[in-house]
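Given these sequences and hints, build the entire structure.
2 protein chains.
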Amino acid sequence: MELLKKRILEDGVVIGKDILKVDSFLNHQIDVALFDEIGKAFKEYFKDKKIDKILTIEASGIGLACVVAQRFGCVPVVFAKKTSALNLSADVYHSEVYSFTKQRSYNVMVSKKYLHQGENILVIDDFLANGKAILGLSDIIDQAGATLQGVGIVIEKGFQGGGDEVRSMGIDLKSLAIVESMEDGKILFREEI
Amino acid sequence: MELLKKRILEDGVVIGKDILKVDSFLNHQIDVALFDEIGKAFKEYFKDKKIDKILTIEASGIGLACVVAQRFGCVPVVFAKKTSALNLSADVYHSEVYSFTKQRSYNVMVSKKYLHQGENILVIDDFLANGKAILGLSDIIDQAGATLQGVGIVIEKGFQGGGDEVRSMGIDLKSLAIVESMEDGKILFREEI
Chain A
1 MELLKKRILE DGVVIGKDIL KVDSFLNHQI DVALFDEIGK AFKEYFKDKK
51 IDKILTIEAS GIGLACVVAQ RFGCVPVVFA KKTSALNLSA DVYHSEVYSF
101 TKQRSYNVMV SKKYLHQGEN ILVIDDFLAN GKAILGLSDI IDQAGATLQG
151 VGIVIEKGFQ GGGDEVRSMG IDLKSLAIVE SMEDGKILFR EEI
Chain B
1 MELLKKRILE DGVVIGKDIL KVDSFLNHQI DVALFDEIGK AFKEYFKDKK
51 IDKILTIEAS GIGLACVVAQ RFGCVPVVFA KKTSALNLSA DVYHSEVYSF
101 TKQRSYNVMV SKKYLHQGEN ILVIDDFLAN GKAILGLSDI IDQAGATLQG
151 VGIVIEKGFQ GGGDEVRSMG IDLKSLAIVE SMEDGKILFR EEI
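Line by line, the protein sequences are chains A and B. FYI, in the UniProt record's numbering the residues of the first sequence are 1 to 193. FYI, in the UniProt record's numbering the residues of the second sequence are 1 to 193.
Keep in mind that the hints are not guaranteed to be accurate.
Note that the list lumps identical chains together, so a pair holds whenever it fits in one copy or between two copies.
Below, in silico cross-link-like pairs of lysine to aspartate or glutamate (DMTMM-like), each with a Cα-Cα straight-line distance of 25 Å or less [what the hints assert, rightly or not]:
hint	residue 1	residue 2
1	K113	E58
2	K112	D18
3	K40	E191
4	K112	D11
Simulated from the structure, these hints should not be mistaken for laboratory data. Given the structure is predicted, the values throughout are model-derived calculations rather than measurements.
Below, the structure is given as structure tokens:
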């Protein structure tokens, strides 16, 4: 998505070799008009899929998922909650996720009331790096007996390998920008095939 | 807002005397079409105010703020982050908030890059109970030299007094539903004047 890549080059801030800050438009301040363009792009890519519900993860995925949902006929959005609690109630689906950034595990959870057998789910999130959060959501969808129809990501850090791992599992993953490297502060995108 | 009150009566779950669960449409699963109606209602109420930016607080306010922003010409949304950290960097505005639910204080913070002197701010959030989070956001807006033009809340728990405290400070607060009591599991709304 050229508009997005241009914005990343203009406003993204590279810190070290693997941190890309885009909090001016994606995950602290939000450009709602850009979110709508992102929604259009996901709808175009997933136009042949039946989507009953969008699943995302708190916090910064929530705004994006709501705006994307408008392009899919205002299907319900469900956001998974993160918790460090070990004892989770029986009325939630949960999956353990290891965070490389924080170097510890946490649980993602979704109430059993809001994911059902047979539902077609689109997962939406702002970032994909190691892909562990997406695999956790995929696990929760499996537990519910629902079907993961696809994953839409705004920015994939391709060099961290999570996206390719997700693809190798047969999951239909669309990332609107894949950052291939950030050596010397210079952002290079993966060429689209 | 009659549509909202009807939905609260249909789908809200009262627990004890003061907990109202509306996670089927507001803060776990999200009804995006309802959010759009809520956005329309806030735009109608605040139609004479110039709004440059919408400020909300993670997590469940974010989706709402993005959909509401569309009704205000897609102004930027900024979401304040919650943190229990004591040492905050100098490049953020922050304010301490006491949580009655969790019986402890936390900090809300916003990067100084995303709130500026002279900006007209609309605060949007899903719930208002004791009002401490809203007062924290108001404090941050003051620190930035910006102007709080108004506060839009979906559900105010009127019996907890926070809304009236906010109004008594001269803040233009619009709550789309004010729950006056939940005795014996029965939800009663405050009559609008």
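Results of checking the hints against the structure:
In the homo-oligomer, the alpha carbons of K113 and E58 lie at most 25 Å apart both inside one protomer (18 Å) and across protomers (23 Å), since each shortest distance falls under that limit. In this assembly of identical chains, K112 and D18 lie within 25 Å of each other by CA distance solely across copies; the values are 24 Å between and 36 Å within a copy. For a Cα distance limit of 25 Å, the shortest separation of K40 from E191 inside one copy, 21 Å, qualifies, whereas the shortest one across copies, 41 Å, does not. Taking the shortest alpha-carbon separations for K112 and D11, only the inter-copy value of 16 Å comes in at or below 25 Å, while the best intra-copy value is 39 Å.
Checked against the numbered hints given earlier, this structure breaks none of them.
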